[in-house]
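> Letter by letter, the chains look like this.
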Amino acid sequence: MKYTYDDEADIRTTALIRVMALFFVGIMIIATTTSPIATGTKEGERAPALEGEFYNGSSWSDFDLESYWDPTWEAGDISGQWVAIEFMDTDCPYCVQSAEEMGANANDFGGGGNSGWDGAIVNFIASVTELDIGGHDSSRAEMIAFRDKSANSGEDCAGSECGSRPGIAHNFPYIDDFDQDNMKKWNVGGTPSYYLIQPDGIIAWSSAEHSGEELRNAILSLVPRESA
Amino acid sequence: MIYVIPLVIGFLMILPLGRSLFAPLSEYMPSLGNERGRVFSGLLLTCVAGMAVSFQTLWISSKISEGGNFCASNSILSCDDVIGNVEYNVDPIFGMPWGGIGAAVFCILLYLVYSSSKEPNADWVSSYLKMGTYLTFAGFFVIALLVFYEFKMEKICQYCTTAHFANIAAFIGFLRLMRMNQSKEWNTI
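Each protein sequence line maps, in turn, to chains E and D.
With positions in the first sequence counted from 1, the corresponding number in my numbering is that position plus 38.
With positions in the second sequence counted from 1, the corresponding number in my numbering is that position plus 505.
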């Protein structure tokens, strides 16, 4: 038998192959047993947290977006509650204009009972910020006056008295995000911005990805309903 | 617990007191009969346990991202709250999950110690042991950052703490081997 000295027979190669095999076995186990979903604000991603205190019409409390999620929800299940979030500024003229539409949407899809909507309930939430633009000086009093459409509040919303904004008074939570924490976390480029989120916490629709499409149309096309 | 047992055994092997604890086993496992072999064995066990627990944390973070729970608790020990916190569960530069970084680092450490243990007199062994020492020392800064995160969250992740302990144990092991390798008794101890 002929023996040849092999300069390449280095234990490091064998060790590397064995350790890498172990590493890839670990990665493969994770890849086959989980389907991770990234957290972000694009459609298909898991919605990040929304933090801060919210006003519910009578008092301020800590807001917890996670309390809305149902991890057992499955597509088509009408019992799951959806969430529509609006990022707004009470001094932004477009937000003032869209207040009427938001109020109508909350009335129609929020499970009020008289709207004729036979689909899953959509919970509406407004995250109110103060944009870094001249003349945009917001306060909690202004936010409450905008939400409740308080007459003669003395608060100014985009050049008009807040109580004179179009539409009905809103009955959904308004989160104080004057420090822009939520807005930055959600990468919101401008106001108003809308997100429609499934009951399991996955973003189903974002206005940033559907320029020109209205939230109402997104709700009608994505939220399951009995008559569909 | 499945990770703690091999980690504690490995750590005891690494420490000088392992001599008295594991000497009786040297009859069946000759490598445990000398200091160098015992530290190598302890280090191998520590790195495997560290890699396994890091994979476990990576698995947990993937499961949590699906919307599930693994070890959520109202007590201070709640790994879901730590691993599932999207602000802190990835590194701030590349956005890689900490569990994945841990698994990759322990994989490198395992390679360094495994290849060194197989050819302890090769000329590259001293540089491998130095690399292992420096890498585990750098891990202390990462541990400090992650403990700071846990402090901010007022929660402790058991799996993460086990991985941190594995890094500390591995540092002691690499340091001891590096010093042994620099001494004249490398082949006699």
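Please keep in mind that the hints were generated in silico from the structure rather than gathered at the bench.
One or more hints might be untrue.
[To be verified] Here are the simulated SDA-like pairs of lysine to any residue, each with C-alpha atoms no more than 20 Å apart in a straight line: (1) K187(E) - G95(E); (2) K80(E) - E571(D); (3) K568(D) - G95(E); (4) K223(E) - E540(D); (5) K657(D) - V63(E).
> None of the hints should be skipped; say for each whether it holds.
How the hints compare with the structure:
1. K187(E) - G95(E): holds, 11 Å
2. K80(E) - E571(D): Satisfied, since the Cα-Cα distance of roughly 16 Å is no more than 20 Å.
3. K568(D) - G95(E): violated, 37 Å
4. K223(E) - E540(D): violated, 53 Å
5. K657(D) - V63(E): violated, 34 Å
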